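Asks: Sequence:
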Amino acid sequence: MDVNRDNFYDVLPEILNDINNADYVAIDGEFTGILAFDKMNYFDTPAERYKRHYECDRHYLMVQVGLAMVRCLNPTENRYSLKAYNVYLFPENETDAFDFRSKSSSLQFLAANRFDFVQLFLKGIPFVCRTKHLEKLKNSQLTSLTRRNNNRQIPNGNNNNNEKKSETMTNSPKQSEINNLSDADLLKKSMTGFSEVIWKLQESGKPVIGHNVHMDMLHIINQFFTPIPPSYDEYKSIVKSLFPKLIDTKTIASTSIFQNIISNTALNAVYKTIREPSFPACRFETADDFRYASGEHEHTAGYDATCTAVCMTKMMAYIAEKTEFKENPIEHTLINTFIGKLFYMRSFDLKYSDMLNDDDLPDRSCVFYVIHPQTWSTANIREFFSQWNLLSYDRFDLTTHILAVSLKKDTIET
456 MDVNRDNFYD VLPEILNDIN NADYVAIDGE FTGILAFDKM NYFDTPAERY KRHYECDRHY
516 LMVQVGLAMV RCLNPTENRY SLKAYNVYLF PENETDAFDF RSKSSSLQFL AANRFDFVQL
576 FLKGIPFVCR TKHLEKLKNS QLTSLTRRNN NRQIPNGNNN NNEKKSETMT NSPKQSEINN
636 LSDADLLKKS MTGFSEVIWK LQESGKPVIG HNVHMDMLHI INQFFTPIPP SYDEYKSIVK
696 SLFPKLIDTK TIASTSIFQN IISNTALNAV YKTIREPSFP ACRFETADDF RYASGEHEHT
756 AGYDATCTAV CMTKMMAYIA EKTEFKENPI EHTLINTFIG KLFYMRSFDL KYSDMLNDDD
816 LPDRSCVFYV IHPQTWSTAN IREFFSQWNL LSYDRFDLTT HILAVSLKKD TIET
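Take the working numbering: the last position of the sequence shown gets the number 869, and nothing is skipped along the way.
These are calculated hints, taken from the structure and not from any lab test.
Note that the structure is a prediction, hence the values are computed from the model and not measured.
Ideal Cβ positions, reconstructed from N, Cα and C, are used throughout, including at glycine.
Any given hint could be a false lead.
Derived DSS-like pairs: lysine-lysine, alpha-carbon spacing no greater than 25 Å straight-line [stated by the list, open to error]:
| # | residue 1 | residue 2 |
| --- | --- | --- |
| 1 | Lys-806 | Lys-506 |
| 2 | Lys-806 | Lys-727 |
| 3 | Lys-727 | Lys-777 |
| 4 | Lys-655 | Lys-587 |
| 5 | Lys-777 | Lys-506 |
| 6 | Lys-655 | Lys-695 |
| 7 | Lys-506 | Lys-695 |
| 8 | Lys-587 | Lys-506 |
| 9 | Lys-494 | Lys-558 |
| 10 | Lys-655 | Lys-578 |
| 11 | Lys-700 | Lys-655 |
| 12 | Lys-700 | Lys-781 |
| 13 | Lys-591 | Lys-655 |
| 14 | Lys-494 | Lys-806 |
Okay, the calculated beta carbon distance ranges per label pair [claimed, not checked]:
| # | residue 1 | residue 2 | range |
| --- | --- | --- | --- |
| 15 | Ser-711 | Asn-568 | 31 to 41 Å |
| 16 | Thr-778 | Asn-594 | 50 to 60 Å |
| 17 | Ser-711 | Val-860 | 36 to 46 Å |
| 18 | Ser-820 | Glu-503 | 45 to 55 Å |
| 19 | Asn-568 | Lys-593 | 40 to 50 Å |
| 20 | Ala-721 | Ser-686 | 23 to 33 Å |
| 21 | Glu-547 | Pro-828 | 52 to 62 Å |
| 22 | Arg-534 | Glu-731 | 40 to 50 Å |
| 23 | Ser-733 | Glu-590 | 48 to 58 Å |
| 24 | Ala-742 | Arg-837 | 55 to 65 Å |
| 25 | Thr-778 | Thr-586 | 36 to 46 Å |
| 26 | Ser-686 | Lys-593 | 18 to 28 Å |
| 27 | Phe-555 | Glu-590 | 16 to 26 Å |
Given the sequences, and given the hints that come with them, work out the whole structure.
Replies: Written out as structure tokens, the structure reads:
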């Protein structure tokens, strides 16, 4: 179901109810720009990679988000309900406005996949960042109170008496009411747009599923909760506190469990693979108006969230079948080994970044930082290291390479 400014408040109760009833919720986002692959380095540590994303991606905007809610109806029959929403997001013109950048290649990519920019700009649902919005609400209420107090007439007389009256106004019941209001109370009294849905998802504690979900989570935190921090450790702490049950289906598809079945872990490839006979048949019950549960709308957030939900369901059903687990597959204990492990793109030796624990950094004694003449090509690098196997390399700049090597078998002393 497409959701925009026209129908948002009509379907909002249904969305919130679906989150309440779901066993897990899959998410996906589309953005006005992303960090280019050539800006990543094969040998980035998680902290170094996060710094690249922080400096680049926090300036872009998530303009479409997909939500797919899955509930197990009968684990024995592998029967599930599935409801998917495709939501257009755009900042309010004046209130809580977001300044953002866009990249031409990203916009062209969206256009090539039939992204509806007219619906985005004219009917995109507004949203607020919680920390910014709360600060603005508190400042606004205090400003209003101060203005009312300043307009009151204080009769001339003893200065001490005037000071007492001023103190009484400053500590008025209205001032106390503002001070005593919780953040939740303040938010309930304001219009927060689509943020209400994301906050409900976070408060529900339900598992949140994404495919290659790092970018989706970065934007969700930045747009709906708090500006992402420059510190990787602080960012991990925020993710852990907000979404302690975050799962990446690309990480699951890359594990040894599926290494002989899933050869390509891109979302559309996994989605095709899990529909083959080697995976258990799962039946999904959907409403007529939830078109993203059928047909192909690749790179539409609602469709990609649906694919992610189906992939998660089928992979967990596969694990349940192989281990003779008869209950709801999402309750399998093996799920705990996947939580918080977000797939790590374009890396020589890192498979995922761990949002819940310290990252397991590999031994890099075989990795060299090589400074060379600017005229050198890759062929020169290979020739210089001819006595070693060149496992992987990445150009750092015009005069430096980072590369990983191993000794050739015929050069190893026995």
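Asks: Each of the hints needs a verdict: does it hold here or not?
Replies: Taking the hints in turn, this is what the structure says about them:
1. A threshold of 25 Å between alpha carbons decides the hint, and for Lys-806 with Lys-506 the separation of about 18 Å falls inside it, so the pair holds.
2. At roughly 23 Å between alpha-carbon atoms, Lys-806 and Lys-727 fall within 25 Å of each other, so this suggested pair holds.
3. Between Lys-727 and Lys-777 the CA atoms are separated by roughly 20 Å; this keeps the pair inside 25 Å, and the hint holds.
4. This hinted pair checks out: Lys-655 and Lys-587 have alpha carbons roughly 18 Å apart, not beyond 25 Å.
5. With a CA separation close to 40 Å, the supplied pair Lys-777 and Lys-506 exceeds the 25 Å bound.
6. Under the criterion of a C-alpha separation no larger than 25 Å, the hint pairing Lys-655 with Lys-695 is consistent with the structure, at around 17 Å.
7. Using a Cα cut-off of 25 Å, the hinted pair Lys-506 and Lys-695 holds, with the two alpha carbons roughly 18 Å apart.
8. Restraint check: the Cα-Cα separation between Lys-587 and Lys-506 comes to about 22 Å, which is no more than 25 Å; the hinted pair holds.
9. A threshold of 25 Å between alpha carbons decides the hint, and for Lys-494 with Lys-558 the separation of about 14 Å falls inside it, so the pair holds.
10. Proximity of Lys-655 to Lys-578 is assessed by CA-CA distance (about 22 Å); at most 25 Å being required, the pair is judged to hold.
11. In summary, the hint linking Lys-700 to Lys-655 is supported, as the alpha carbons are separated by about 15 Å, within the 25 Å threshold.
12. Restraint check for Lys-700 and Lys-781: satisfied, since their Cα atoms lie roughly 22 Å apart, inside the 25 Å limit.
13. Between the alpha carbons of Lys-591 and Lys-655 the distance comes to roughly 21 Å, so the proposed pair stays at or under 25 Å and holds.
14. Restraint check for Lys-494 and Lys-806: satisfied, since their Cα atoms lie roughly 19 Å apart, inside the 25 Å limit.
15. Between Ser-711 and Asn-568 the C-beta distance comes to about 33 Å, which sits within the given range of 31 to 41 Å.
16. Taking the beta carbon of each, Thr-778 and Asn-594 are about 55 Å apart, inside 50 to 60 Å as hinted.
17. Restraint check, Ser-711 to Val-860: a C-beta distance of roughly 26 Å breaks the suggested window 36 to 46 Å.
18. For the pair Ser-820 and Glu-503, the supplied restraint of 45 to 55 Å is violated, since their beta-carbon distance comes to about 18 Å.
19. Distance hint for Asn-568 and Lys-593: a CB-CB separation of about 41 Å, consistent with the stated range 40 to 50 Å.
20. Distance hint check: the CB atoms of Ala-721 and Ser-686 are about 31 Å apart, consistent with the given range 23 to 33 Å.
21. For Glu-547 and Pro-828, the hinted distance range of 52 to 62 Å is satisfied, since their beta carbons lie about 54 Å from each other.
22. As the Cβ distance of Arg-534 to Glu-731 is approximately 20 Å, the hint placing it in 40 to 50 Å is violated.
23. A hinted range of 48 to 58 Å for the beta carbons of Ser-733 and Glu-590 is consistent with their spacing of about 53 Å.
24. Between Ala-742 and Arg-837 the CB atoms are about 58 Å apart, so this pair conforms to the stated range of 55 to 65 Å.
25. Taking 36 to 46 Å as the suggested C-beta distance range, the pair Thr-778 and Thr-586 conforms, at roughly 43 Å.
26. Range check, Ser-686 to Lys-593: Cβ separation about 26 Å, and the 18 to 28 Å hint holds.
27. Checking the proposed 16 to 26 Å range against Phe-555 and Glu-590 shows it holds: the Cβ atoms sit about 20 Å from each other.
Hint violations for this structure: numbers 5, 17, 18 and 22, all remaining hints satisfied.
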